[in-house]
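Enquirer: Here are the chains, one letter per residue:
Protein chains: 2
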Amino acid sequence: MATTALVGTIMIDCNDIDAMVKFWCEALGLEQKVRYPKYVWLSRLSEGGPALAFQQVPEPRMGKNRIHLDLVAEDPAAFAERVLELGGSRVEDHEVEGFHWSVLADPEGNVFCVTEAGQ
Amino acid sequence: MATTALVGTIMIDCNDIDAMVKFWCEALGLEQKVRYPKYVWLSRLSEGGPALAFQQVPEPRMGKNRIHLDLVAEDPAAFAERVLELGGSRVEDHEVEGFHWSVLADPEGNVFCVTEAGQ
Chain Z
1 MATTALVGTI
11 MIDCNDIDAM
21 VKFWCEALGL
31 EQKVRYPKYV
41 WLSRLSEGGP
51 ALAFQQVPEP
61 RMGKNRIHLD
71 LVAEDPAAFA
81 ERVLELGGSR
91 VEDHEVEGFH
101 WSVLADPEGN
111 VFCVTEAGQ
Chain U
120 MATTALVGTI
130 MIDCNDIDAM
140 VKFWCEALGL
150 EQKVRYPKYV
160 WLSRLSEGGP
170 ALAFQQVPEP
180 RMGKNRIHLD
190 LVAEDPAAFA
200 ERVLELGGSR
210 VEDHEVEGFH
220 WSVLADPEGN
230 VFCVTEAGQ
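Chains Z and U are the protein sequences, given in the same order.
My numbering puts the first residue of the first sequence at 1, with every later residue one more than the last.
My numbering puts the first residue of the second sequence at 120, with every later residue one more than the last.
Bear in mind the hints are in silico, worked out from the structure with no lab data behind them.
By construction, the Cβ of each residue, glycine as well, lies at the ideal position given by its N, Cα and C atoms.
Keep in mind that the hints are not guaranteed to be accurate.
[What the hints assert, rightly or not] Straight-line C-alpha distance at most 30 Å; calculated DSSO-like pairs for lysine-lysine: (1) U:157 / U:141; (2) U:183 / U:141; (3) Z:64 / Z:22; (4) Z:22 / Z:38; (5) U:152 / U:183; (6) U:141 / U:152; (7) U:183 / Z:38; (8) Z:64 / U:157; (9) Z:38 / U:157; (10) Z:64 / Z:33; (11) Z:22 / U:183; (12) Z:38 / Z:64; (13) U:183 / Z:64; (14) Z:38 / U:152; (15) Z:33 / U:183; (16) Z:22 / Z:33; (17) U:183 / U:157.
[Stated by the list, open to error] Derived contacts from chain Z toward chain U, CB cut-off under 8 Å, selection only: (18) 71; (19) 75; (20) 82; (21) 114.
Bound-form chain Z, shown alone (with noise of 0.2 Å):
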């Protein structure tokens, strides 16, 4: 059987550590389940799937980020608005061939985008 890896860990630099695990608990309805000073674990996002993890750094987060998150909700526009209320940013909104998605961001500028479930 060939050498592989499970992928245990989804980790957000973060400069703000407290702010950014209380906007993705709020947002993804998950809990912090592990706390070091410079790093935190959320509860796993499905059973036997990664977590979401952030880590305190010094630097500014810098131009766009390379992996992203898409996320999908029952109701998009009431999950945006509830970004809003949490400390984010909405930043646009597309529509190709039909399909949906708005590009919003957490409190960092980390963009994120959502989609309606089952579209």
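Fit chain U to the given chain Z structure using the hints.
Expert: Relative to the frame of chain Z, chain U by itself:
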């Protein structure tokens, strides 16, 4: 109930989508599931969890990725060798208080870490 969303996809920008899909399918033991000219989705990382996907972009990767993946392998040394065979590279090794991890990179220089399962 609060308005939340699920993580459906971890999307990685790339310049050579075929090379990147080949590398990541082999490294993680996944299969290509959906293909459009500039987008590829792999099989889900776990049931109900996110999928890894790739989008072809014109711009090169710049600086350190703000989001990276942490992998878990039964045999990290063998996995690191496999990454090199597949066209990836080894960046550095770390040990902090008995916890070991290696930093590797995919063919486009996206860094990721690998640790031993159950460490």
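Enquirer: Now tell me if each hint is right for this structure.
Expert: Hints, verified against the model:
{"no.": "1", "hint": "U:157 / U:141", "result": "holds (15 Å)"}
{"no.": "2", "hint": "U:183 / U:141", "result": "holds (23 Å)"}
{"no.": "3", "hint": "Z:64 / Z:22", "result": "holds (23 Å)"}
{"no.": "4", "hint": "Z:22 / Z:38", "result": "holds (15 Å)"}
{"no.": "5", "hint": "U:152 / U:183", "result": "holds (29 Å)"}
{"no.": "6", "hint": "U:141 / U:152", "result": "holds (13 Å)"}
{"no.": "7", "hint": "U:183 / Z:38", "result": "holds (18 Å)"}
{"no.": "8", "hint": "Z:64 / U:157", "result": "holds (18 Å)"}
{"no.": "9", "hint": "Z:38 / U:157", "result": "violated (37 Å)"}
{"no.": "10", "hint": "Z:64 / Z:33", "result": "holds (29 Å)"}
{"no.": "11", "hint": "Z:22 / U:183", "result": "holds (24 Å)"}
{"no.": "12", "hint": "Z:38 / Z:64", "result": "holds (24 Å)"}
{"no.": "13", "hint": "U:183 / Z:64", "result": "holds (11 Å)"}
{"no.": "14", "hint": "Z:38 / U:152", "result": "violated (37 Å)"}
{"no.": "15", "hint": "Z:33 / U:183", "result": "holds (26 Å)"}
{"no.": "16", "hint": "Z:22 / Z:33", "result": "holds (13 Å)"}
{"no.": "17", "hint": "U:183 / U:157", "result": "holds (24 Å)"}
{"no.": "18", "hint": "71", "result": "holds (4 Å)"}
{"no.": "19", "hint": "75", "result": "holds (7 Å)"}
{"no.": "20", "hint": "82", "result": "holds (4 Å)"}
{"no.": "21", "hint": "114", "result": "holds (6 Å)"}
When each numbered hint is compared with the structure, violations occur for hints 9 and 14.
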